[in-house]
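Residue strings, one per chain:
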Amino acid sequence: MADAAILRMTGISKYFPGVTALDDVDLGLMRGEVLGLVGQNGAGKSTLIKVLDGVYQCDKGQILLDGEKVELKHPSDAYRMGIRVIHQELSTFESLTVAENIFAGELVTTGALGRVAWKRMADESNQVLRELGIDIDARTVMGELNLSQKQLVEIAKAIRKKAKILIMDEPTSALGEKDINTLFGIVRKLASAGISVIYISHHLDEVFRITDRVMVLRDGKNVSTLTTGDTSREELITLMVGRAISEMYPKRRIEIGEPIFELRDFSLRGAFREVGFTLRGAEILGIFGLLGCGKDEIIESIFGLLERDAGTLWVSGKSVSIKAPFEATQNNLGLVPVDRKKDGFALSMKVKENIVMANVGGLGKGWMIDRRLYEDKAKKWVAALNIKTPSLNTITESLSGGNQQKVVLAKCLESGAKVVIMNEPTRGIDVGAKVEIYRIMESICEDGGSIIMLSSDLPEIMSLADRVLVVSKGRITAELAYGEYTQEMLLHAANQ
Amino acid sequence: MTDPRPGKRGVRLLAANNTLMLLAVAIILFATFSLMSQSFFSRYNLRTFLINLSFFVIVATGETLVLISGNLDFSIGGVIALTSVLVARLNELGVNIYLAMLLSLLVGALTGVLNGWLVVKMKLNSIIVTLGTSAVTAGLALVISNALTIAIFEDTLGFLGRGTIARIPVPIVLMAVAVTFASIVLHRSKSGFKIYASGANSRAAYISGINTDSIQLVLYVICGFAASLGGLVLTALSAVGMPRHGVGQEIAIITAVILGGVPLGGGKGSVVGTLIGMFIMQVIYNGLTQLNVIPYYIQIIQGLLLILIVTVYVRSERISRGVKQ
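Protein chains in written order, with the working numbering: chain B, 1 to 496; chain D, 1 to 325.
Be careful, since some hints might not be right.
[Unchecked claim] Label-pair distances were calculated between CB atoms; the ranges are: (1) D:V310 / B:L90: 25 to 33 Å; (2) D:I294 / B:K350: 27 to 35 Å; (3) B:G362 / D:Y98: 37 to 45 Å; (4) B:G111 / D:N17: 41 to 49 Å; (5) D:L106 / B:N41: 51 to 59 Å; (6) B:S398 / D:N96: 54 to 62 Å; (7) B:G276 / D:A176: 36 to 44 Å; (8) B:D123 / D:I251: 48 to 56 Å; (9) D:S191 / B:I256: 36 to 44 Å; (10) B:H74 / D:S191: 29 to 37 Å; (11) D:V173 / B:W314: 53 to 61 Å; (12) B:D265 / D:N96: 53 to 61 Å; (13) D:I294 / B:E94: 41 to 49 Å; (14) D:Y297 / B:Q88: 31 to 39 Å.
[Claimed, not checked] Here are the computed lysine-lysine pairs in the DSSO-like style, where the Cα-Cα straight-line distance is at most 27 Å: (15) B:K377 / D:K268; (16) D:K190 / B:K380; (17) B:K342 / D:K268.
In short, the hints are calculated from the structure, not lab data.
Each residue gets a CB set at the ideal place from its N, CA and C atoms; glycine is no exception.
Start from the sequences and build out the full structure, keeping to the hints where you can.
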């Protein structure tokens with residue numbers, strides 16, 4: 001067996017002051033294998049990868065590469081030994097060409113004067129791209145490429161020279177379905193060429209599609225390593241969370257109320273046409289659609305962030321005009337934006353400040369702020385939503401993704417929102433926090449509020465939404481009631 | 001969460017109190033100059049020093065609000081010049097002095113409306129816009145005055161510079177009112193909260209229902225008004241309307257605001273910080289002048305001090321956030 005393994009990490013432990021990040025972890029990687037690495041945030045995935053990449057040195061344990069013990073003291077050591085990492089956030093040079101990006105840091109020069117061999121670099125880049133089946137010309141300026149093309153260029157750059165192990169950290173977080181297929185095609189090609197891939201993802205369906213085996217980490221410890229074909233989604237989640245999946249989605253026992261919100265004939269040229277729907281009290285209405293179908297534009301125009309061409313909006317039976325977000329909040333609408341850090345909250349502000357941001361008017365009578373009322377409100381939401389923060393004065397940026405999202409939710413609820421629009425409410429947060437967000441959604445409905453939820457996570461939208469509207473090319477192509485449709489029907493309507 | 005770096009707690013305490021650090025620097029500088037120069041600590045010099053400081057702080061208060069909300073205003077120098085020339089010229093033409101003062105104050109407010117409209121509604125870059133209106137107002141000041149100094153010996157306006165209330169010079173009273181009022185608004189009022197939120201993340205604030213557009217526009221108007229008020233004080237002090245009043249001083253004022261702890265980009269800082277920042281700049285200027293240092297060197301020293309303090313800020317910010325590098 002030892003000869004088949006290109007990499008063996010045994011008994012790896014890593015301690016930070018007060019925290020054991022990795023505790024006696026083993027990892028074996030075969031030649032030409034795609035190994036999935038899953039676990040909640042804080043399970044130790046990134047620490048393990050940083051040990052392998054030479055960013056951190058492990059306190060205990062050893063690393064065998066091709067059967068030989070190696071010391072990785074610096075990322076350059078790892079690079080020299082053929083270990084490549086593609087990080088979640090791309091590190092491309094936008095104003096340089098694809099070829100320059102692929103050769104970044106290793107310009108090819110000729111002659112005594114060290115002239116740069118532009119042509120040779122372009123030719124070699126084109127060859128690598130062709131081998132991978134990527135249809136991009138090496139002379140294109142990086143900034144002109146879309147996100148998925150940039151990612152493919154990063155892969156080309158990573159494997160150009162003597163790569164043995166390729167580590168991909170959440171590579172699909174910004175990709176649409178079609179791009180994911182292209183990416184997976186390339187990953188398979190690399191694997192069959194003998195390159196081993198470690199694939200880190202929160203998306204379990206992807207893990208099932210692309211990996212041969214999957215390794216689960218929990219609280220810095222090995223839980224299990226399974227052959228992908230022999231396991232199930234439920235088993236993986238149970239292993240990751242340490243509890244059964246049946247507990248993951250809240251039980252449905254909320255009585256749907258009267259219509260409280262209605263959209264009629266919404267149109268915006270180039271984005272969507274004649275969109276209309278009704279939302280009832282205590283209802284969770286799902287909106288599903290592929291990237292670019294127009295669903296984001298629909299909710300932005302509801303909230304006054306985009307100006308629509310036609311259509312009326314009715315709240316509690318009355319026609320309302322919403323031209324800016326402050327008019328939306330006045331009509332008891334709330335928005336949990338898809339890009340949390342850019343649109344959801346202010347990174348540099350305190351937890352309490354972000355919590356009250358959408359209800360500054362409610363911080364006291366007149367134009368002064370009542371300090372005690374302010375603190376009480378913040379305290380109430382930190383307790384109600386179980387926001388894990390050292391104090392109310394903590395800078396929000398330092399919280400984990402799940403707790404940041406809870407702050408955004410607290411902000412919406414504090415503003416008195418009765419209709420909460422959530423765009424990808426659990427994107428980029430770990431399974432444990434997801435469950436908590438689902439419980440909060442449930443309690444919003446119990447308190448008489450309603451939710452419009454946009455999600456690309458199929459199991460999530462299928463188990464939570466009372467109804468799902470499918471949007472394709474700017475039109476509603478299907479309305480599906482809970483439990484009366486299959487995943488295939490949903491995808492079919494989305495591709496219409 | 002436990003503190004992973006217990007040894008640095010002291011450093012972080014200081015880092016959390018940039019204003020205290022700045023105050024310490026101000027006191028040390030003041031004490032040093034008082035010991036080194038008899039004339040610095042004289043009653044006459046201190047009075048002049050405080051009155052000069054008042055003019056700068058009145059104008060800097062408006063600039064502080066604009067910077068906290070995430071914008072910049074370079075037009076204050078031009079506004080001071082135009083206000084000064086206009087009030088003197090109107091007085092020369094025999095216009096009622098109250099009306100002349102009112103019209104001159106409108107210069108700043110209207111420039112603020114224009115700045116705010118271009119930045120907020122037309123979505124133009126605030127540096128470019130206000131550099132433009134700065135050139136326009138400074139140019140208009142030259143046109144109106146024919147590039148000449150206009151004398152204005154007038155007691156109603158003169159009161160703003162030379163008068164006293166309860167034996168305190170009027171400029172100092174105006175400064176105290178401006179700083180107190182702005183501090184209360186910033187730290188105690190709902191509007192203040194919205195100003196900080198607009199600067200920290202204007203898009204998130206906007207989505208949260210805060211009308212960031214009108215806040216930023218109103219602050220430009222307040223900033224312009226404060227600059228005009230400063231222009232009247234300066235004219236009253238010097239008894240002349242002069243097209244070179246204020247020109248170039250926007251740099252000194254913005255420098256003091258940043259020195260006082262408002263980051264470019266906004267979201268943080270205070271008017272008290274600005275007051276201390278301005279105080280430090282003026283102590284150095286006045287103190288070194290009393291020590292007969294050539295003014296060219298004074299400029300160099302002020303510049304170096306700015307770089308030093310901002311370096312300390314940035315480092316302490318990284319320490320308190322736990323960011324390396």
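We went through each hint and held it up to the structure:
| no. | hint | verdict |
| --- | --- | --- |
| 1 | D:V310 / B:L90: 25 to 33 Å | 31 Å, holds |
| 2 | D:I294 / B:K350: 27 to 35 Å | 47 Å, violated |
| 3 | B:G362 / D:Y98: 37 to 45 Å | 42 Å, holds |
| 4 | B:G111 / D:N17: 41 to 49 Å | 59 Å, violated |
| 5 | D:L106 / B:N41: 51 to 59 Å | 57 Å, holds |
| 6 | B:S398 / D:N96: 54 to 62 Å | 59 Å, holds |
| 7 | B:G276 / D:A176: 36 to 44 Å | 60 Å, violated |
| 8 | B:D123 / D:I251: 48 to 56 Å | 52 Å, holds |
| 9 | D:S191 / B:I256: 36 to 44 Å | 41 Å, holds |
| 10 | B:H74 / D:S191: 29 to 37 Å | 52 Å, violated |
| 11 | D:V173 / B:W314: 53 to 61 Å | 56 Å, holds |
| 12 | B:D265 / D:N96: 53 to 61 Å | 60 Å, holds |
| 13 | D:I294 / B:E94: 41 to 49 Å | 48 Å, holds |
| 14 | D:Y297 / B:Q88: 31 to 39 Å | 52 Å, violated |
| 15 | B:K377 / D:K268 | 23 Å, holds |
| 16 | D:K190 / B:K380 | 20 Å, holds |
| 17 | B:K342 / D:K268 | 18 Å, holds |
Hints 2, 4, 7, 10 and 14 from the list above are not met by this structure, while the remaining hints are.
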